[in-house]
Amino acid sequence: MSHSVLGKVVMRQLLLAYRRPAAVLNPLFFYGVVVLLMPLGLGPKQAVLSEFAPGLLWITALLAALLSAEIVFRSDYDDGGLEQLVVSGDSMYLASLGYVIAHWCLTGLPLALVSPVFAQLLSLPAQGLPALVISLTLGTLILSAFGCLGTSLTVALRRGGMLLSLLLLPLEVPVLILGSGIVTRAVNGMPIEALISILAGLALLAIALTPLAIGASIKISLEV
Amino acid sequence: MAWAWFHRLGSSPWIYRFSGSLLGYLLPLAMTLVVVGSIWGLAFSPPDFRQGNSYRIIYIHVPVSVVSLAGYYVMAIAGAVSLIWRLKVADMMMRVAAPIGAALTFLALLTGAVWGKPTWGTYWVWDARITSMVVLLFLYLGVYALYEAYDNKALASKACAILSLVGTVNIPIIYKSVDWWYSLHQPASIKFTGGSTIDPSMLYPLLLMIFSVYLLYACLLLMGLRLTLLETEAKTAWARKEVMGAQ
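Residue numbers (our numbering), protein chains in the order written: chain E, 484 to 707; chain X, 21 to 267.
Pulled out of the complex, with its shape left as it was, chain E reads as follows (with noise of 0.2 angstroms):
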């Protein structure tokens, strides 16, 4: 496993997010700050916010995914990292699926864990919490998947940031719908089990399919 480049570009991002621990904190205090907009925009009634949290905490996941991704590729493609892996003739299918797979454990993951500290500022019920987790954790791989597909087709610009969100945004809309839709008829106690098989559906065929193009706009990217 680690000697392929999968594992090998696995372990390095996770090895220099650990060396810069920041870089992972980051999406976490983004979303802690997005969530503490949310009732001084809509005023402090737990009525109102515990009907909206399972929307507001998944756009708010949709939007730490975006601004995460945004950095991927930034610092292999400045010091040539990103063309010694292309030149390498490994396979930049694994090597991106490598890229998705490290990007959601160092920001999708996180999220989906500590997702229940920010429901209960939104006061989303109790039986609401696991279906939040689980639709985190899957749909926060598509996010991941969309996210470096986005980031290496706008790698190359120096200014991709608001770019990337009218890239990404529209392609994420089934993400939000399934993944607000799941939590949602779990706080009114309908079945899920589908629905979360969907999802993990199209998380699987994400990260299947993807690669190919993150590999491909890579080099299109670094014009080879």
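Hints were generated in silico from the structure; no laboratory data involved. Mixed in with the good hints there might be a few duds.
Unchecked claim - Quick look at which bits of chain X chain E covers, simulated, 3 or more residues with Cβ under 8 angstroms:
1) 58-69
2) 157-165
3) 190-200
What the hints assert, rightly or not - In the DSSO-like style, the derived pairs of lysine-lysine whose C-alpha atoms are separated by at most 30 angstroms in a straight line are:
4) X:K173 to X:K255
5) X:K108 to X:K255
6) E:K702 to X:K255
7) X:K173 to E:K702
8) X:K261 to E:K702
9) X:K108 to X:K261
10) X:K173 to X:K108
Note that the coordinates shown come from a computational prediction; the quantities given were computed from them, not determined experimentally. By construction, the Cβ of each residue, glycine as well, lies at the ideal position given by its N, Cα and C atoms.
Fit chain X to the given chain E structure using the hints.
Here is chain X on its own, set in the frame of chain E:
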């Protein structure tokens, strides 16, 4: 010999002249049909017994909606062709299709809103189909914005081709999910399209309009393509000759 047509697709002057002579037939035909269809639909088809005359906007609304949906596939297929066969024409076709598609989608939303005000009493409802059209508009705008963001246009079109292919895979998922989202949040519903039956006297002008807007779309694509050809090859002898005239 059998592949001569394919090789000719790599020659810019040939495409420029061929599309020019094609436009000579297509454009007058498209314009005539649009005028005939509009007059037929707006003046001669009977008024709807529930909506009166306001329904007549379907003669614009439905054709532009249909073509804006098809336009995304035109763009994506052109993108795929340019990625696979490195065909310059396909490449230009894709980049021209993005703003045209965005404009048609916007027109579909606009005519829908204009129709909605007298009929539903509001310009906007978050109905499944309207929402999907808004997503489609942003997909088009994303491709267009990505293209404009690159200085190197050869890279830009490859990046856009990938983006539009990803969008193509995603579009059915988006549509399904938006449908599901709508059924989940079913508001005090304004059901209008129950058991859609349409009288032939209204259908024929509509079909004619759909056909002529397709033709118009083809003309716009070709015109955009010719302009892009001249722009990218502005320094070559044939392009100068076309613009300046024979010297």
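For each hint, the structure was consulted:
no., hint, verdict
1, 58-69, "violated (count 0)"
2, 157-165, "holds (count 5)"
3, 190-200, "holds (count 7)"
4, X:K173 to X:K255, "holds, 16 angstroms"
5, X:K108 to X:K255, "holds, 17 angstroms"
6, E:K702 to X:K255, "holds, 29 angstroms"
7, X:K173 to E:K702, "holds, 15 angstroms"
8, X:K261 to E:K702, "violated, 37 angstroms"
9, X:K108 to X:K261, "holds, 21 angstroms"
10, X:K173 to X:K108, "holds, 12 angstroms"
Consistency note: the structure conflicts with the earlier hints numbered 1, 8.
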